[in-house]
Amino acid sequence: MSKAALAQFQQVFIEESLEGLDTMESSLLELDNGGDAELVHTIFRAAHSIKGGAATFGFPEMSSFTHEAESLLDEVRSGKRAIDGAIIELLLRTVDCLRAMFARAQAGEPLNDTVAEALRNELAAAMGRGAPAGAVQARRNVDQADAWTIRFRPYAGMLASGNDPLRLIRELGGLGELTVTPEFDRLPATLAALEPGECHLGWTIELKGPARRADISGVFDWVEDECDLSIDARHVVTEAAPPPAAAPAAPAPAAAAPVADAGAARAQREASAESSSVRVSIDKIDGLINLVGELVITQSMLDTFREGEIDAARLAVLEQGLAQLARHTRELQESVMGIRMLPIASVFNRFPRMVRDISQKLGKQVKLELVGEQTELDKTVLEKIGDPMVHLVRNAIDHGLETPDKRRAAGKGDTGTLTLAASHRGGSIVVEVSDDGAGLNRDAIIGKAVQRGLISSGEGMSDEAVADLIFQPGFSTAAVTTDLSGRGVGMDVVRRNVADLGGTVTIRSTQGKGSVFTITLPLTLAIIDGLTAAVGEERYIVPLVSIVESVQLKGDAVRSVAGGGELFRFRNEYLPVIRLHDAFGCQDAVRGIDEGLMVVVEGDGTRVGLFVDGLIGQQQAVVKSLEANYRRVQGVSGATILADGSVALIVDIAGLVRLQARRKAA
Amino acid sequence: MSDNSRSEALQSQYLTVNLAHEEYGIDILAVREIRGWTPVTRIPQAPHYVLGVLNLRGAIVPVIDMRLRFGIEREAYGATTVTVIITVAGRNFGVVVDAVSDVLDVSPDAIRPVPDMGTTVDTEYLKGLTSTGERMVLLLDVDKLLQPQDAQMLEAALPAASDVKAVA
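Chains as they are written, first to last, in the working numbering: chain A, -10 to 655; chain B, 188 to 355.
Worth double-checking, as some hints may not be accurate.
As the list claims (entries may be wrong) - The following label-pair restraints were derived from C-beta to C-beta distances: (1) B:Asp328 to A:Asn101: 48 to 54 Å; (2) A:Gln440 to B:Glu262: 32 to 38 Å; (3) A:Val540 to B:Tyr264: 37 to 43 Å; (4) A:Ser266 to B:Arg219: 29 to 35 Å; (5) B:Arg299 to A:Val269: 58 to 64 Å; (6) A:Gln440 to B:Arg222: 56 to 62 Å; (7) A:Arg295 to B:Arg222: 30 to 36 Å; (8) A:Ala433 to B:Thr225: 56 to 62 Å; (9) B:Arg219 to A:Asp633: 22 to 28 Å; (10) B:Tyr264 to A:Gln440: 55 to 61 Å; (11) B:Arg219 to A:Val540: 43 to 49 Å; (12) B:Asp328 to A:Glu106: 51 to 57 Å; (13) A:Gly442 to B:Tyr264: 48 to 54 Å.
As the list claims (entries may be wrong) - Covered by chain B, according to a simulated footprint, are these stretches of chain A (three or more residues, beta-carbon under 8 Å): (14) 570 to 577; (15) 606 to 615; (16) 630 to 641.
As the list claims (entries may be wrong) - Pulled from the structure, derived: some chain B residues nowhere near chain A, Cβ distances all over 12 Å: (17) Glu209; (18) Glu210; (19) Gly258; (20) Glu260; (21) Ser294; (22) Lys314; (23) Met323; (24) Val329.
To be clear, the hints were calculated from the coordinates, so they are not data collected in a lab. For clarity, every value in this text was computed on a predicted model and none was experimentally measured. We treat Cβ as the ideally placed atom computed from N, Cα and C, and that holds for glycine.
Taking the hints into account, I'd like the entire structure generated from these sequences.
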């Protein structure tokens, strides 16, 4: 196989193995929560595929490492060993270690490191505890020798699976000089009883020449479930692993390392995932093919209008054709966007492990509930929503949920519940992180905010407004976490990250009952529905989702207030006015309130009146980045190209509100 | 044309453009295309010399007026006014100049350092100067046209740009 071809298969193998590791991890966690024995089989199968694949695709270190874990699992599977917390913990760390190995494999670095070595010894030691005889242990630990005795007895059905013993023995010949002695004891007594499709022979193979155990077992990787195999060292060169007595010392230094290592590996994996591929279900592709088919038909129908006169009858057909074309284009667009949509489960799935680790560390009992894992999100959003969610979940366990004592004192059950829920709501995706913990401490937050000079007093502030304070940058200090039970570690970063995705974060919290963090995200980032607004000679796109309604006001409806601001009455509230021509410095714009249009918009939970000359029409805007060649512009979320080829900027309401606030402050 | 045959292999080509009766050279490898002047979409909070953005086959590209960039008085755009699209470090931007005139082969020997003298252009943005026949050509350092000084200026113009929402 050529190197390029191998690399291509390696990539597929790595992707599949990472999925396998995810399965292993989630199954282990389920097992930890008292899952059934079938899970052990699932874990074993995943480990086995990784081992086999690793050997085939040129990762012998990974293969032999996984082999240790697989042996352990095999004992559990066959009932020789009861699964307990220690084994699950060990296997979880094995999963982390393998992830790190795959990350290194992708980066082209050496696979083994000290963590892997230490863990490998631990696995071997765990095996040693329950191993039937000391002799096996001694032999196991021999990694390299000058001579080996290999006893290979295929089961009768091995040939049926396409494995040829002769090929295996030839391959073994590549490792050194062979002396092969066949064993005939299983041959049937009469020729009539001989089934030609079955394998009745066994072999004892003496291998002379320096070889590693991994190399030898690698030869038999594909058949090891279909034969009795023993590999014994005859002439030992080195004692690779420490004797079992010394092995238990290894776990201590290794224990801390895998966590950090896994984090790094995950970060690296995510970094490379940004440019990686998307798996698309065949249904979606079939749907696309159908649509393209219809598009072609419509196109050929329209093509007939190239020739001949167009009379009234044909005009009707033409109009119908154009309408069809518009519909197909729109459907095609939606379907293509659909390809980018992936279930949020891939983000949710990292949390069971994290919740388990954090809650154990903090001595809290947490039950994690996942709702709506199949909700689909744009891939870009999906990749970037993970970190803010990790933050929220960590905060919820750290600050929200109480220890069992405190929960009992508050009259709640020992175990706190943390719920992650995703759902579609209108044109948005809503992701909720809720807990039934202590909730936000209003007084403590107000106290902190006053101390930091964010507010003068909490008098008359709504609970919502108080909760909103924790998103202030000033709240993200270590002192907050120790001084009060409220949250606030980097919440401003969470809000900013979500805002980068065009979404918002809000809190609902009841003291003593718990909190709900709600992240609202747009379905996709690539296309938005917007209204085109005219300001002087210029055109801006106002996203439809942020528009509440538009009103024509009389000149005296807007009042100037001290400090240069303007207010107008909308229903029962007074809203500040942002004149777009002032904010963006447009020339020749309408200035009289009664000549233009007041568009009531909402951004970041704040309502304002956006004053423009007028609205021209609705259109879908393909969002283009300003940053690719220029830079971010405050109050502008991007640009789009209008039907005439010119560029129009897309207004970012939340940014505009912040811009206005800053100008007022300045 | 350079008559120095020894360094022919090292010769580089420059696109010469006119700006306020002086001739400037832009490294031709940085030039992506030359387009006639078309109106651009103004962007808010931009330095005065950034005219706006244009649609370059689907990409949004900022456009700079070279006269304003170098503090020369603005002149009405005419039939010869062109936008030269330049690519530096993977980023595209357009510069508006009075006209394009020629492509010049320049050998490294023929590039002389810029004396600190009263040219209209800040010598900081010049790589050197060369002459062709009677004419003197100032060679622009395109890498410096938008950065780092410009980047800093842009940052200064927008002190708190970090919390601006962006949609990719």
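Structure-based check of all given hints:
no.: 1; hint: B:Asp328 to A:Asn101: 48 to 54 Å; verdict: holds, 49 Å
no.: 2; hint: A:Gln440 to B:Glu262: 32 to 38 Å; verdict: violated, 58 Å
no.: 3; hint: A:Val540 to B:Tyr264: 37 to 43 Å; verdict: holds, 40 Å
no.: 4; hint: A:Ser266 to B:Arg219: 29 to 35 Å; verdict: holds, 30 Å
no.: 5; hint: B:Arg299 to A:Val269: 58 to 64 Å; verdict: holds, 60 Å
no.: 6; hint: A:Gln440 to B:Arg222: 56 to 62 Å; verdict: holds, 58 Å
no.: 7; hint: A:Arg295 to B:Arg222: 30 to 36 Å; verdict: holds, 32 Å
no.: 8; hint: A:Ala433 to B:Thr225: 56 to 62 Å; verdict: holds, 59 Å
no.: 9; hint: B:Arg219 to A:Asp633: 22 to 28 Å; verdict: holds, 23 Å
no.: 10; hint: B:Tyr264 to A:Gln440: 55 to 61 Å; verdict: holds, 57 Å
no.: 11; hint: B:Arg219 to A:Val540: 43 to 49 Å; verdict: holds, 47 Å
no.: 12; hint: B:Asp328 to A:Glu106: 51 to 57 Å; verdict: holds, 53 Å
no.: 13; hint: A:Gly442 to B:Tyr264: 48 to 54 Å; verdict: holds, 51 Å
no.: 14; hint: 570 to 577; verdict: holds (count 4)
no.: 15; hint: 606 to 615; verdict: holds (count 4)
no.: 16; hint: 630 to 641; verdict: holds (count 8)
no.: 17; hint: Glu209; verdict: holds, 27 Å
no.: 18; hint: Glu210; verdict: holds, 27 Å
no.: 19; hint: Gly258; verdict: holds, 21 Å
no.: 20; hint: Glu260; verdict: holds, 20 Å
no.: 21; hint: Ser294; verdict: holds, 33 Å
no.: 22; hint: Lys314; verdict: holds, 23 Å
no.: 23; hint: Met323; verdict: holds, 32 Å
no.: 24; hint: Val329; verdict: holds, 14 Å
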